[in-house]
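Engineer: With these hints in hand, go ahead and build the complete structure from the sequences.
First to last, the sequence lines map onto chains C and U.
In terms of the numbering used here, the first sequence opens at residue 1 and continues consecutively.
In terms of the numbering used here, the second sequence opens at residue 1001 and continues consecutively.
In case anyone wonders, no lab produced these hints; they're calculated from the structure.
All C-beta atoms in this analysis are idealised placements derived from N, C-alpha and C, irrespective of residue type, glycine included.
There's no promise every hint is true.
If you only want the chain U side, here are some residues facing chain C, beta carbon under 7 Å, derived [as the list claims (entries may be wrong)]:
no.	residue
1	Ser1348
2	Val1370
3	Leu1397
4	Ser1401
5	Leu1408
Straight-line alpha carbon distances no greater than 16 Å define the calculated EDC-like cross-link-like pairs of lysine to aspartate or glutamate that follow [unchecked claim]:
no.	chain 1	residue 1	chain 2	residue 2
6	C	Lys205	C	Glu234
7	C	Lys149	C	Glu208
8	C	Lys315	C	Glu348
9	C	Lys78	U	Asp1573
10	C	Lys279	C	Glu206
11	U	Lys1145	U	Asp1025
12	C	Lys78	U	Asp1588
13	C	Lys72	U	Glu1583
14	C	Lys335	C	Asp248
15	C	Lys315	U	Glu1561
16	U	Lys1224	U	Asp1573
17	U	Lys1224	U	Asp1234
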Amino acid sequence: MTTMNDTPLSILAFPGTLAQSALHKLWFGSQAASESGQETDRLFMFILWTCIISFTVVLGLAYYFAWKYRRKPGVPTKRSPSHNTALELAWSIIPLLVMVVIFFWGFRGYMEKTIAPAGAEIIRISARQWDWNGVTYDNGRQLGPNDVKRVGGKDSPVITVPAGRPTKFMMSSADVIHSFYIPDMRVKFDVFPNRFTSFWIMPEKEGEHNIFCAEYCGTDHSEMNATLRVVSPEAYAAYKAEEIVIEDPVEYGRFLYRAKGCMACHTLDGSASTGPSWKGLYGRVETMSNGEQVDLSDDETFYNYIRESIYEPNKRLVAGYGPQMNSYVGLIDEKQLDGLIAFMKSPEVSGRAAPAGGQPSGQDQQQQGGGQ
Amino acid sequence: MATITGSTGHDLPHHGGGGHGHDHDVSYLHPKGGFFAIVWDWMTTVDHKKIGVMYLVAVLFMFFLGGVAALAVRLELFTPTVIDTSTNQVISGQWLNIGESWADGNNTYNRIFTLHGVIMVFLFIVPSIPASLGNFLLPLMIGAKDVAFPRLNLASWYVYLFGTIFGIVSIIQGGVDTGWTFYTPYSTMTDAEHWRVVWMITAAFILGFSSIFTGLNFVVTVHKLRAPGMGWFDMPLFVWGIYATAIIQVLATPVIGITLLLLLFERLFHIGIFDPRLGGDPVLFQHFFWFYSHPVVYVMILPGFAIISEIVTTHARKNIFGYRAVAFSSIAIAGIAFIVWGHHMFASQGEVASAIFSALTFLVAIPTAVKVFNWTATLYKGSIAFTAPMLYALGFLFTFSIGGLTGLFLGCLATDLHLHDTYFIVAHFHYVMMGGTVIAMIGGLHHWWPKMFGKMYNEFWAKVGFFLVFVGFNLTFFPQFILGTQGMPRRYASYLEQYTFLHQLSTVGSWVLALGLFTHLFVFVQSLVAGRKAPPNPWGSLTLEWTHAASPPIEHNFHHEPIVTHGPYPYDDVLPAQTRPGEFILPDPLPAGKKAH
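Structural biologist: In structure tokens, the structure reads:
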């Protein structure tokens, strides 16, 4: 049995007739991964054909007239009317009718994408410059060390959702405006620091999709990516039930370094970024912007300076850096603070030999490989 | 049908020809004394023509600067940034910052795209046509000696310069990375330890006054200074377009002034109106900002429409089809422009607001479409000369139609949630702003060049320039539509590998476009240096600047105040004044008893 898709007509991509026409493939590359996304594509193709047809007719006529009535020396023009009420009304009203269709179709699709059905899975997204790591599932599960994938040269989080079930994203931002954009679902919504916004998706199949930040948010806007991993409902239930336990404090700190977004501004290779590099920070004598010298080789001074920098980041700034960091009060607890300090003190980051004891958690240092 | 009366302009002055010696007989370009006297004369002139020329030079220079920034943006995007995954160091792909860190490269890119936007919007395209061609032509077209307030006109020019100085100070201090839209809270937080953001906002604030002065002047000029016999519907459509533009400038620009002032206060004194940490609302800024910045889109494009109406009628020797429809559509667009700002925020605001703004947005499509239909119908049974201005008008129909039609995808709510803030919108507004306004402006410059400077330009090279610009423009921006539908967000310093091919097409296109624009620069310079002397009415036009003024016009425009006895486009019935006998011919006279259309 042949369908429209197999016939040459499918290139026309009229709404509702096709899975993927050549024209659709040219514009989108791949199919939308949800029903509401495919509905958007049908509407897109309808508008596209409206455009192609009206463009061809109007421009075709214009260029045909221009050529047919090109100036010939010595040949006078023929008189012709310069006003025609019926014609002018027709070309005002017909487009208006098409607009009405597009408006209502678009409005329906917009409501469909923004208003989630009751019982949708709710995932909290807390955005920050410049990552999407602040993900909380409805049972309190957060991202673990395995929820990471390298996209465009940077480790970025993987957000897991079930296939065939509605998932609603409740989004807010810790700093500036971002926009949570999933191109394959044909939907985005801006993420604000002073309110929650939301939209929902229902991916059809298992697979992976890109997530981008679509609202310009500063230096690493273009690296603020994530991956949407669609899994079966069973796998999703199992994923959510997983407990994240990282015993080793250095590994825990390494995980937090990424998960809490520290890596957005602090490098591990000594290069300056928005904030000072952590490489060799432990053991350094730092000059503050007020001229004060702080000896960070002293354990107690180091612990206290790190604690202060996390909870009151702008109190004492390292010379040469601006007040760019927001307080992490309520976002990083004592155990996490210990993990971060352990990570900073590890030989890999500090560049110093493993210290003799004095780890906040009292655990043994694990030897580190790679990274240098 | 009445024929033309009043001064016929056969007593044309020949500047430098001697004999006359009276100030009121020589060209406005005639030098007055030595070098310093000339400079002083231009600096203190209240002649709308000289102010128009000074604005022209300034906005073209700004177009050049903004264009260099655009080429830099395209160069950076020629390849994606490649990172060594073990050391996190940049291996390749950062064309603007070789050897620097990843973050530095991104920062450089962010400053350059902001620079491109700020220069192109505030310093180039808002003043572009109104302040240059508008200033020069408006009084000439309505038969006036000057604008209503010549000193205010000069003040507008100096305010423009003053504002530009603040912009330059900001750029010298490192430039800003806020985007031209200055969205809060990013714009109140970034570069907190520097003053450069403050200077840039100040620059935009001051430039607004220059725009208000120009607009106010034009509104009064059109109302009060039309020559005897010129009713509202005898005005050339260029005047209608500039008039509609001026109304928007006067009504909308104060809003951006207030908004930018609040933004400055927020940044400097933390008053808590936009900053959420202080209880402010960043979306409020977007409402304020677009309440100006959407209408200002029409400040940019209406003058483009205005130019196209003149070029099409003149070079097709044909009355405009549906004069009143074209005139009223300008006013309708200016009116609707004020109630569609929320369509920039479909991904920010609630459903009700989005629905209302979407519906209103579709309304603006109608008068815009009507204009395109009218220009097309005007060509019917015309006498089309393929001059460079006409090629630009035909090119405009192509590029502007694409720009306008792709607006449908963005005004439509469901598709906008996908396309908003992607390259689709970048392509869309470049097709409108560059494919519309800039293409129209270059066409208009060629059309009025003989009038403004008294020299003809080289048609062959102007056409070569047109084809390069046309091909380069489409090659640059059409691939960006597809990038957008495939999900490429805008304002990205780098991108995923899957987008490389389309980005490279776009970058190559930008080089062709640049080559075309430089060709035009060459055409203009060549014309000034060695151009053939222009006759007073080389195109056989029927509007006053061609029929009653010299090329270039004398200082006071006309020897006597012209008396207007016909509309601007009766090409079937009136032989253009100031042309050689037989140069233009009329169609056969109407049979007795029949009325002209």
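Engineer: Run every hint past the structure and note whether it holds.
Structural biologist: To see whether the hints hold, each was checked on the structure:
| no. | hint | result |
| --- | --- | --- |
| 1 | Ser1348 | holds, 5 Å |
| 2 | Val1370 | holds, 6 Å |
| 3 | Leu1397 | holds, 5 Å |
| 4 | Ser1401 | holds, 6 Å |
| 5 | Leu1408 | holds, 5 Å |
| 6 | C:Lys205 / C:Glu234 | holds, 13 Å |
| 7 | C:Lys149 / C:Glu208 | holds, 11 Å |
| 8 | C:Lys315 / C:Glu348 | violated, 28 Å |
| 9 | C:Lys78 / U:Asp1573 | holds, 11 Å |
| 10 | C:Lys279 / C:Glu206 | violated, 40 Å |
| 11 | U:Lys1145 / U:Asp1025 | holds, 14 Å |
| 12 | C:Lys78 / U:Asp1588 | holds, 8 Å |
| 13 | C:Lys72 / U:Glu1583 | holds, 12 Å |
| 14 | C:Lys335 / C:Asp248 | holds, 12 Å |
| 15 | C:Lys315 / U:Glu1561 | violated, 73 Å |
| 16 | U:Lys1224 / U:Asp1573 | violated, 29 Å |
| 17 | U:Lys1224 / U:Asp1234 | holds, 14 Å |
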